[in-house]
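Be aware that the sequence shown starts at 161, since it is given in my numbering, and climbs by one per residue.
Hints may contain errors.
DEER-style ranges, computed between Cβ atoms [claimed, not checked]:
(1) N170 to A210: 26 to 36 Å
(2) V327 to E397: 34 to 44 Å
(3) P395 to Q292: 24 to 34 Å
(4) E217 to P395: 20 to 30 Å
(5) E291 to V260: 29 to 39 Å
(6) N208 to Q277: 16 to 26 Å
(7) D231 to F282: 43 to 53 Å
(8) Q370 to R300: 12 to 22 Å
No farther apart than 27 Å at their CA atoms in a straight line, the calculated lysine-lysine pairs in the DSSO-like style are these [claimed, not checked]:
(9) K310 to K371
(10) K211 to K371
(11) K201 to K371
(12) K306 to K182
(13) K182 to K393
(14) K310 to K211
(15) K371 to K182
(16) K182 to K211
(17) K211 to K309
(18) K309 to K182
(19) K393 to K306
(20) K309 to K371
(21) K204 to K310
Keep in mind that the hints were calculated from the coordinates and are not lab data.
Note that the Cβ used here is the ideal one computed from N, Cα and C, for glycine as well.
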Amino acid sequence: MDDYGFVAENDYGSVSISSVYKVLVFSERGQFRIQSRFTDKPGKGQFNFAKPILTVEPPQIFLRTISASHDNLGLYISIEGSSGNWTGFHVTSAVRGGSVLQDYLMEFVSCKYSDQQSDAEFGMEVRDGQEQIVYVSSDRVVRFGKFAKKWTVARGTFVDTYYSDVVIDTSDFICVSSMDRGIMWFANNSQYAGITILDGGVPVLQIFNQKQYLDRFYWQGSDGFFLGVPVCKFPIERYYN
Numbered sequence: 161m162d163d164y165g166f167v168a169e170n171d172y173g174s175v176s177i178s179s180v181y182k183v184l185v186f187s188e189r190g191q192f193r194i195q196s197r198f199t200d201k202p203g204k205g206q207f208n209f210a211k212p213i214l215t216v217e218p219p220q221i222f223l224r225t226i227s228a229s230h231d232n233l234g235l236y237i238s239i240e241g242s243s244g245n246w247t248g249f250h251v252t253s254a255v256r257g258g259s260v261l262q263d264y265l266m267e268f269v270s271c272k273y274s275d276q277q278s279d280a281e282f283g284m285e286v287r288d289g290q291e292q293i294v295y296v297s298s299d300r301v302v303r304f305g306k307f308a309k310k311w312t313v314a315r316g317t318f319v320d321t322y323y324s325d326v327v328i329d330t331s332d333f334i335c336v337s338s339m340d341r342g343i344m345w346f347a348n349n350s351q352y353a354g355i356t357i358l359d360g361g362v363p364v365l366q367i368f369n370q371k372q373y374l375d376r377f378y379w380q381g382s383d384g385f386f387l388g389v390p391v392c393k394f395p396i397e398r399y400y401n
């Protein structure tokens, strides 16, 4: 910490808010459907934010399944817009087998870094050394509940599956923002990678990786890196539009 600034710690001594690090806060919640036109084709889902997110960094999108036409669901997500003007997201999905069209009702929560002044009459603002807002007391800070950091891998000829070490509740929202087919995902080892959030009708957290090269996916850790996926609860009485 610098000689001057603001720090707030939680009951466990971890820094929750500071004038150095940005704070992830609630932006919007809503529902959308993932549907397919054909049983042998991917499903599609899309949502436009009520207001664009103006941060340089893309928002973080958390998903949970409300109802499902199949007992499994794998997907990847793409954020729409560009830096300083994020407008929404779309989802591409896949299921295993069956002759039923995809039809999933999903709930999402979008989160962003705190970036705007409050219009409340009273409150507190914290700014960094460049006078940029990093926290406003009217923001609803994201409370992380679980992190998937330990994985077991089942290797296939073309697709590897990574099983997380966390149990997912029906009320949990899984962060899916890292599963974007449009980026070079983990050392260019993937043709594409996605996340499975429903398996056997039960919420899960798994990653599937269609391989491009062998033995270059550093999921087990390298130079201090560990693959981590946050899982949160967003009770409606606190996180609402």
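How the hints compare with the structure:
Judged by the Cβ atoms, the range 26 to 36 Å given for N170 and A210 holds: they are separated by roughly 31 Å. Range check, V327 to E397: about 24 Å between beta-carbon atoms, so the 34 to 44 Å window is missed. Judged by the Cβ atoms, the range 24 to 34 Å given for P395 and Q292 holds: they are separated by roughly 30 Å. The hinted window of 20 to 30 Å between E217 and P395 holds, with their beta carbons roughly 25 Å apart.
For E291 and V260, the Cβ-Cβ distance of about 55 Å falls outside the hinted range of 29 to 39 Å, so the restraint is violated. Under the hint 16 to 26 Å, the C-beta atoms of N208 and Q277, about 25 Å apart, fit the expected range. Checked against the hint of 43 to 53 Å, the C-beta distance between D231 and F282 comes to roughly 50 Å, which is consistent with it. Look at Q370 against R300: about 37 Å separates their beta carbons, and that is not inside 12 to 22 Å.
Straight-line distance between C-alpha atoms of K310 and K371 comes to about 20 Å, which keeps the hinted pair within the 27 Å bound. Restraint check for K211 and K371: not satisfied, since their Cα atoms lie roughly 37 Å apart, outside the 27 Å limit. The hinted pair formed by K201 and K371 meets the criterion: a straight-line CA distance of about 21 Å does not exceed 27 Å. A distance of roughly 20 Å separates the Cα atoms of K306 and K182; the hinted pair therefore holds under the 27 Å criterion.
Taken as a hint, the K182 and K393 pair is honoured in the structure, with Cα atoms around 20 Å apart against an allowance of 27 Å. Note on K310 and K211: the hinted pairing is violated, with a Cα-Cα distance of about 36 Å set against a maximum of 27 Å. For the hint pairing K371 with K182, the CA-to-CA distance comes to about 34 Å; that exceeds 27 Å, so the pair is violated. The hinted pair formed by K182 and K211 meets the criterion: a straight-line CA distance of about 21 Å does not exceed 27 Å.
A hinted pair counts as satisfied when its Cα atoms are at most 27 Å apart, and K211 with K309 does not qualify at roughly 33 Å. At most 27 Å may separate the alpha-carbon atoms for a hinted pair to count; K309 and K182 meet this at roughly 22 Å. Proximity of K393 to K306 is assessed by CA-CA distance (about 9 Å); at most 27 Å being required, the pair is judged to hold. Note on K309 and K371: the hinted pairing holds, with a Cα-Cα distance of about 21 Å set against a maximum of 27 Å.
Annotation: proposed proximity of K204 to K310 is violated, straight-line Cα distance about 30 Å (limit 27 Å).
Comparing the model with each earlier hint shows violations of hints 2, 5, 8, 10, 14, 15, 17, 21; every other hint is respected.
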